[in-house]
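Use these hints to put chain B onto chain A, whose structure you have.
Protein sequences appear in the order of chains A and B.
Numbering-wise, our numbering comes out as the position in the first sequence, counting from 1, plus 32.
Numbering-wise, our numbering comes out as the position in the second sequence, counting from 1, plus 10.
These aren't lab readings, by the way, just hints derived from the structure by calculation.
Remember, predicted model here, so these are calculated numbers, not experimental data.
Just so you know, even glycine gets a beta-carbon here, dropped at the ideal spot from N, CA and C.
Careful, some of the hints might be misleading.
Not the full set, but computed from the structure, chain B residues with beta-carbon under 10 Å of chain A [stated by the list, open to error]: (1) 207; (2) 214; (3) 223.
No farther apart than 30 Å at their CA atoms in a straight line, the calculated lysine-lysine pairs in the DSBU-like style are these [said to hold, decoys possible]: (4) A/189 <-> A/174; (5) B/210 <-> A/189; (6) A/233 <-> A/189; (7) A/174 <-> A/204; (8) A/204 <-> B/17; (9) A/251 <-> A/233; (10) A/189 <-> A/204; (11) A/196 <-> A/251; (12) B/210 <-> A/174; (13) A/196 <-> A/174; (14) A/268 <-> A/251; (15) B/17 <-> B/210; (16) A/196 <-> B/17; (17) B/210 <-> A/204; (18) A/189 <-> A/268; (19) A/196 <-> B/210; (20) B/140 <-> B/157; (21) A/233 <-> A/268.
Each chain, written out:
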Amino acid sequence: MSSYHSKTGLFAPQPAKVAQVAHSHPVPLPPDVPVDALLRLEGVHTHIGAYHILHGVDLVVPRGQLTMLLGRNGAGKTTTLRTIMGLWQASQGRVVFNGQDITREHTPDIAGRNIAYVPENMGIFADLTVRENMLLAARQAKRANQMDEARLQWIFKLFPAVEKFWLHPAGKLSGGQKQMLAVSRAIVEPRDLLIFDEPSKGLAPVMINNMIDAFQQLKHSGTTILLVEQNINFAKRLGDTVAVMDDGRVVHAGSMQALAQDEALQRSLLGLAL
Amino acid sequence: MNSIDIKPLLLVPVLALAMLPFVGSPSTWVTLTVAGLAMGMIIFIIASGLTLVFGLMDVLNFGHGLFIALGAFVATSVLGAMGDWTGSSELWRNLVAVLPAMLVAMAVAAAVGVAFERFIVRPVYGQHLKQILITMGGMIIGEELIKVIWGPLQIPLPLPEGMRGALYLGDAAVEKYRLIAVVVGLAVFAAQIWVLSRTKIGLLIRAGVQDREMVESLGYRIHRLFVGVFVVGSALAGLGGVMWGLYQQNVVPQMGHQVNVLIFIVIIIGGLGSTGGALIGALLVGLMANYTGFLAPKVALFSNIALMVAILLWRPQGVYPVANR
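For reference, chain A alone in the conformation it holds in the complex:
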């Protein structure tokens, strides 16, 4: 029995035991994709209860780049992120981070590899103050005054609401402010990989611009980012590489620029043009 029982909680889906699952053919990556992958998924299948959600996902997240994960609703993007984080166990295939197989590792160990994850629901602790939320994410700090002050000032500059409501309960923030806090929490310490599930969801345009600015600064600092997004303009402005999912598989992988310039491909993959 796993020692991390939260995954078997009352409301948590139970991963099914699958004897054998047909392995889908990996999507060949175009030659322009760099081989220096920080994160690589190889033929990953994920079951949630009786449902077979991921059907052999092959995904490469190049080091130091921002990879967009696109796809229609229900394509398997969120399941892919949760499988990477160990919140749902892959029933087949491998998840390789920094050259090491993390497929069977538990969530805290995966996060301990210097990976930050922001789920779609933001995962804000509503009863805790903004400061307390940030302190929890700062694993090196035991008290608020031990957090990296320079980094905090940088975050405050990106997201002034975080400083403004520093001592307020996070549950009192607006949806956009909570999203800012969720992103701030993920970057309160330098991480090797940042994983975001739809960070622009529900944000006002001015806040989206702040968010884009933040991601661009993170990109320039060399941080590797994997980002699920539905906002196509957001994706176009930020993405270096892109993977498009459909029906639990990656059906296209390549550079964001190439996809942005190929309207026919966009229509066939996403049903729209960027």
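Relative to the frame of chain A, chain B by itself:
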């Protein structure tokens, strides 16, 4: 800034004042009120660990009463061996006897809590029905073991000499031990609030009660945290058992069953996972039990269930609902 919802806090004085006309005599009312607060504080000590155990891991531990009985029976042995100290009329000598009894009771309850979590609770995480059945079974086995060690009969647990008697506030008699119980309860509450609000472990507990998956995603092992909370909760139940035994001045192996009903009412009133809510719930239950015990003894237990129903009609998640639950 963090603002406190004061409406639930007002329930305690409102209930107390509302009962004054029914009780009639102000001195009797003071006596009953202090007795209710003392009883409430003891119930809080017992219930505070249980509410966090439920909040953190959704574990319904119906075996919590075992730790209460265990603490009380250990106290009979420790205090029995310190007869010279408990028989003294000097309060400091009594405290020197009661303190080690409390510490030993807490240590034994904590040790049994480790085994209880490992062998009884851990195999049934996420399975509420099995949790109820197996933890109740664990408590029955524990009670039988208590009978094997201490015998099946009621054992007296007299108050040490210096803690007996009453102080007089006008015409109102206030038992010394009840004041001691209030002080101990307040000390436990203050310590819990300090840990929960001023330490990172406390922050993790509060965060884990709200969203344990996110706590794990931040890199913390929530299961270790849970084991720690379970063991501390067991130790506090052991302490509460000593206090309850001295309050009743006797102990029986089934005492855990008797208190179990009250502590579940308390944590439901308080809001599952809420320490502050557990305090309010415990004080309300203690006061209600004493007032109705005086006014209409036959409806004493029913009155607490009615209280719980009334609170849930007002706030279905308890007086201090925990966010995200």
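Do the hints match the structure? See the list:
Using the Cβ-Cβ criterion of 10 Å, the hint placing residue 207 of chain B at the interface with chain A is satisfied: the shortest such distance is roughly 9 Å. A least Cβ separation of about 7 Å between residue 214 of chain B and chain A falls short of the 10 Å threshold, and the interface hint therefore holds. For the restraint placing residue 223 of chain B at the interface with chain A, the shortest Cβ-Cβ distance is roughly 6 Å, inside the 10 Å limit, so the hint holds. A distance of roughly 24 Å separates the Cα atoms of residue 189 of chain A and residue 174 of chain A; the hinted pair therefore holds under the 30 Å criterion.
Pair hint residue 210 of chain B plus residue 189 of chain A holds up; C-alpha atoms about 26 Å apart against a cutoff of 30 Å. Pair hint residue 233 of chain A plus residue 189 of chain A holds up; C-alpha atoms about 21 Å apart against a cutoff of 30 Å. Between the alpha carbons of residue 174 of chain A and residue 204 of chain A the distance comes to roughly 25 Å, so the proposed pair stays at or under 30 Å and holds. For the hint linking residue 204 of chain A to residue 17 of chain B, the alpha-carbon distance of about 19 Å falls within 30 Å, and the restraint holds.
Between residue 251 of chain A and residue 233 of chain A the alpha-carbon distance is near 20 Å, which keeps this suggested pair within the 30 Å criterion. This hinted pair checks out: residue 189 of chain A and residue 204 of chain A have alpha carbons roughly 21 Å apart, not beyond 30 Å. About 26 Å separates the Cα atoms of residue 196 of chain A and residue 251 of chain A, which keeps this hinted pair within 30 Å; it holds. Distance check on the hinted pair: residue 210 of chain B and residue 174 of chain A sit about 6 Å apart at the alpha-carbon level, within 30 Å; holds.
For the hint linking residue 196 of chain A to residue 174 of chain A, the alpha-carbon distance of about 22 Å falls within 30 Å, and the restraint holds. The suggested pairing of residue 268 of chain A with residue 251 of chain A holds, with an alpha-carbon distance near 14 Å, which does not exceed 30 Å. With a CA separation close to 29 Å, the supplied pair residue 17 of chain B and residue 210 of chain B stays within the 30 Å bound. Restraint check: the Cα-Cα separation between residue 196 of chain A and residue 17 of chain B comes to about 28 Å, which is no more than 30 Å; the hinted pair holds.
For the hint pairing residue 210 of chain B with residue 204 of chain A, the CA-to-CA distance comes to about 22 Å; that is within 30 Å, so the pair holds. Using a Cα cut-off of 30 Å, the hinted pair residue 189 of chain A and residue 268 of chain A holds, with the two alpha carbons roughly 24 Å apart. Between residue 196 of chain A and residue 210 of chain B the alpha-carbon distance is near 23 Å, which keeps this suggested pair within the 30 Å criterion. Taking the CA atoms of residue 140 of chain B and residue 157 of chain B, the gap is near 26 Å; set against the 30 Å cutoff, the hint holds.
With a C-alpha separation of about 16 Å, the suggested pair residue 233 of chain A and residue 268 of chain A falls inside the 30 Å cut-off, and the hint holds.
Comparing the model with each earlier hint shows no violations; every hint is respected.
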